[in-house]
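Chains A and B, in that order, are what the protein sequence lines are. Each step along the first sequence adds one to the number in the working numbering, with nothing skipped, and position 500 is 500. Each step along the second sequence adds one to the number in the working numbering, with nothing skipped, and position 473 is 473.
Calculated from the structure, these hints are not laboratory results. The structure presented is a predicted model; accordingly, all values stated were derived computationally and were not measured. Hints are supplied without guarantee of correctness; some may be wrong.
Heads up, the list lumps identical chains together, so a pair's fine if it works in one copy or across two of them.
SDA-like, lysine to any residue: derived pairs with alpha carbons at most 25 Å apart [to be verified]:
1. Lys233 x Arg452
2. Lys213 x Asp151
3. Lys425 x Ser394
4. Lys233 x Leu442
5. Lys490 x Leu193
6. Lys338 x Met328
7. Lys293 x Gln185
Read off the chains here:
Protein chains: 2
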Amino acid sequence: MVPSPPNSLSVLLHSHHPPVPNVCPPSINPLWFTQRSPGFNPQVEPSFLDSGWQTFIFSTCSPRPLIFFAGDKAWEEHSEMWMSTLARFARPVFQRSPSPVVCKAMKACRRMELRAPSFCMTPVHIRRHQTLGSAPMPVAAHSMRHVRALDEERLMAVEWEDGGQSLYPFTWLRDNCQCPRCTLQSAEARLLLMADLDIHTGMDSVEVTKDGKVSIVWPDQHMSVFDAEWLKKRCFSDAARQAMQEELFLNERYYWDATLHIPQADFQEVLHDDGAALAWLLALRRVGIVHLKGAPAEQGQVARLAERIGYLRLTFYGHTWQVQDKSMANNVAYTSGKLSLHTDYPALHFAPGVQFLHCINQAKEGGESEAVDGFHMAEQLQREDPEAFRTLTSLHVDFTDTGTDYCDFMLQSKNRIIDVDSEGKVTRINYNNATRDSVLDLPLHQVQPFYRALRAYVDIMNRPENVVTYTMKPGDIVTFDNWRLLHGRKSYISRPDRLRHLEGAYLDWDEVMSRLRIVRRNVHGDAWASDKRSHLHRKI
Amino acid sequence: MVPSPPNSLSVLLHSHHPPVPNVCPPSINPLWFTQRSPGFNPQVEPSFLDSGWQTFIFSTCSPRPLIFFAGDKAWEEHSEMWMSTLARFARPVFQRSPSPVVCKAMKACRRMELRAPSFCMTPVHIRRHQTLGSAPMPVAAHSMRHVRALDEERLMAVEWEDGGQSLYPFTWLRDNCQCPRCTLQSAEARLLLMADLDIHTGMDSVEVTKDGKVSIVWPDQHMSVFDAEWLKKRCFSDAARQAMQEELFLNERYYWDATLHIPQADFQEVLHDDGAALAWLLALRRVGIVHLKGAPAEQGQVARLAERIGYLRLTFYGHTWQVQDKSMANNVAYTSGKLSLHTDYPALHFAPGVQFLHCINQAKEGGESEAVDGFHMAEQLQREDPEAFRTLTSLHVDFTDTGTDYCDFMLQSKNRIIDVDSEGKVTRINYNNATRDSVLDLPLHQVQPFYRALRAYVDIMNRPENVVTYTMKPGDIVTFDNWRLLHGRKSYISRPDRLRHLEGAYLDWDEVMSRLRIVRRNVHGDAWASDKRSHLHRKI
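From just these sequences and the hints, can you work out the full model?
Printed below as a string of structure tokens:
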């Protein structure tokens, strides 16, 4: 696809931490953000503003909406360079906008420019991206100038009115015919069997219809019709695929350290308002931790929150579980002792993706909560001690958990402490020193290197500059990414009459992301509907 | 560890299929089995005998018990070579045994030997293995002749009475101190923090105590005591680790094709008898599919079966789900159409590991069930078309599932059609053509190779010699490995007054394996207790 002009850009910065390589990966600069973080939902801002995060989202080719949040004082002091860069870049668009919020933004920009007029800017190259989760940014619907079959290559070429070109393999087009014989409309699922797909099919004819769709007749006279927008979104170019994947999975993360102001949202609002729920879930995905405030200080609230998503994940510790100091504790969490930084449940091969912890009673003394960004710590380890990183991303470690709770259990698992995907990207941390098994399935010569590597990782996560510490109050619910964060608590002494009491629940990311996609659709209306096969025109 | 004499060997053969490379991987011969399938639980035999499977388990250095199941007629006709080989090998042990079952076995062996006296046997080298899931085979408890610290290497060396030697790193020993300060006994979990572990520790002294344990004093005068059996099982030699891993995870699989006689068990017995439950779960793990007979033909039975394990896995299709022909079906399964071979739920990143399907009403016409061994098919693909195998084990494919059932959902996932571990071993099949997304995140040049590879795999699984076909009757429950099997059904016509009706439920392998370990411990008594930290002497 020939590159076409950018239509959006967003940047997220933390007010109390100017961009430095240690905090934002891998080199925080406008180029990085524009290439890797094209979308960030403005709905998230109300909670971020409270906690010191700032997001800029603006569009360079769309008349509306332009959203700009001026930084608070602390931010302004640290971030002149950013403000200046962004202001200059955005100005041509801003100046054409009648929006009051943009006027406010412009005012802030001007102030910044005056304060840092001579700052030398890096050229910013922006790629076209689907801005995932951002507000609808109406762009002219994609229409086709021309379509033709390249019979030799078995590709269909679409030339777009805006000058780009997309290529689609015949096989893929036939495979994804949207007619009622090939697709069960009620389930949006493929009926066409793989055994019936001619993977060497030709194409009898192809044309653009009067209503701007592509109509194909296949050699057996079967006919397929494809919507222009539907095709555009499925363009096989790197940029289009990258945008689609970011829309579907929101894999971009914002790393943090001890200076993080944990994003907050209101428990009741999250339960009852899709906008608030979207803000919560986006922050949970991007930052990995969000505090919900204002829940009743009684059991049952994490279950309500799980119902808001869909359903919770039952485990051997029950539907929800009570973190208290118990006699004959079947888990180290059920004592009053210190819990070192850990992820929950690495004794499962698929640990719960998301955890909710609701404070019902707090301790008289101690019991402060701690958290670190495990992905960020892994990145630090990779930089400081590549050998240790290689060790923890390659060796499989045994975990075990035996006891009785919801019922009796004897769990065993093998997990890598730092799990990576096939491209080496960190996807999950699996580490709980309490349930790491005495069975260690390594040849003798790998044992000491394993301990050395694990110790190096633990030492990094225990550095004061990396650990966020907070004290939960009755009614607070901390929601966090259990695949990414390591959490712990200090030892405590309870009030004689009231035990420290947290109630917890687990969910999985697939279900949480499903709810995120649904509330995003609800918030952004039909034009943003993610019914991918619905033939609705989606604005890109 | 110096090799010591073997103590057990087991072999599993199918009566209606003499060993050929196409059916049993990778080269079915005594050597292969002794190296790779050292344990198979005799408890499973009652159900296997019905379906044509035979297992031989015998011990070459233990006085009891020797278990031997004579083949049925069909087996004997095909398997003279095996019987002869096994009989000759086992004879010295058999002859010393007073067991009636061994007498029966010997009789069968003699008959075989007479019929194939001149068969030339391959020398059989047997390695020492923990026989997982087999009946307890009492061997003299391991006792230590001598223990010493190799200070330079920071290793502790144990010389065993039987002549072997094991080495244990100081760090690992200190890390796994079993004292109440270092281990929370009630949870069998480590209290010692990684930050407090000296990974360069020395050892002040080490000795064998009067009661045969290892006692270590560390430089800070902390003392650790280890049981001999506990240490022996955790020996770092390849053989000991392999045996332990097989005991923990039972990863060995028996591959099959269309000739499979599906193992059967009685529903009520499985619910109420641990021996029957163990037989069921072992066959489910090793073979991947078991029919349970005799369930009431009414809803609720798969939930009862899931409770027998622990709990079922809730999904967006509900706690359990009703497979019927529904109007506005939200899934292709909820029609009367043909379902091509598929795994369930690849639109989740962690598809359910185990599936139960209970027949309540069968169709008037059609509706036969089909199944193939996806791991076996993957092996065939790898042999016949290595390029296609590489493609399906490396490319990530998008799946999608959108609709409303338990609640509304918009699922998206990326999975490899043939999932492999870091060593290239197939661990899970993810393939449902209905929910394979029209979004295909591949560069253009990989699209056609992907279709070619997928078609090659599908063509292999559709070969008549690979597909097992069966018709479920009301009261039948098929239980199968959803990570391994692909299943389908033929289209059907229901009786006008009674819809075809199956009820289904999902579970995960971690929970199923947990129950398997527990019933194995129950069946084999305390001596076989898998309480790994309990210091009970476990007989190896």
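Now for the hints, and whether the structure bears them out:
Within a single copy, Lys233 and Arg452 get their C-alpha atoms only as close as 47 Å, which misses the 25 Å cut-off; across copies the closest is 24 Å, which meets it. Taking the shortest alpha-carbon separations for Lys213 and Asp151, only the intra-copy value of 20 Å comes in at or below 25 Å, while the best inter-copy value is 78 Å. Proximity of Lys425 to Ser394 under the C-alpha cut-off of 25 Å is found in both arrangements, the shortest distances being 13 Å within a copy and 15 Å between copies. Taking the shortest alpha-carbon separations for Lys233 and Leu442, only the inter-copy value of 14 Å comes in at or below 25 Å, while the best intra-copy value is 47 Å.
In this assembly of identical chains, the alpha carbons of Lys490 and Leu193 lie at most 25 Å apart only when taken from different copies (13 Å versus 57 Å within one copy). Taking the shortest Cα distances, Lys338 and Met328 sit within 25 Å of each other inside one copy (17 Å), while across copies they are farther apart (54 Å). For a Cα distance limit of 25 Å, the shortest separation of Lys293 from Gln185 qualifies neither inside one copy, at 42 Å, nor across copies, at 37 Å.
The structure does not agree with numbered hint 7 stated previously, though it agrees with all others.
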